[in-house]
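Chemist: Sequence:
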Amino acid sequence: MKLHYDQNVDALYIRLDDSDIIESEEVKGGVVMDYTKDDQVVGIKILNVSKRIPLPDLKKMQFEFADMRSQSVVADQFNVPN
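Number 73 in my numbering belongs to position 73 of the sequence shown; there are no gaps in the numbering.
Simulated from the structure, these hints should not be mistaken for lab results.
Glycine residues also receive a C-beta, built at the ideal position from the N, C-alpha and C atoms.
Beta-carbon label-pair distances, calculated as ranges:
no. : residue 1 : residue 2 : range
1   : P54       : E23       : 28 to 38 Å
2   : K2        : E23       : 18 to 28 Å
3   : G29       : L55       : 15 to 25 Å
4   : N8        : D38       : 28 to 38 Å
5   : P54       : Y13       : 15 to 25 Å
6   : G29       : P54       : 14 to 24 Å
7   : D20       : P54       : 25 to 35 Å
Quick list of in silico lysine-lysine cross-link-like pairs, PhoX-like style, CA-CA up to 25 Å:
no. : residue 1 : residue 2
8   : K2        : K45
9   : K28       : K2
10  : K37       : K2
11  : K2        : K51
12  : K28       : K45
13  : K51       : K28
Please work from the sequences and hints to get the whole structure.
Modeler: Laid out in structure tokens, this is it:
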């Protein structure tokens, strides 16, 4: 897993593995998930991340990726409104 924060656009990208991305979907406001041909999540982009969670706390976060098709998994981690 790789994390990349772009401070110019205040976006965090979480790349789970190097599989090819076939589809991307905005699952909640400002959260985009990237999927493989097998419908597995391989990337997550979170916009306006500093408004969702203090940036120093990102280093301390633990991520659970059991069911990433569930929008609530990411929404709960990053305080995304419904």
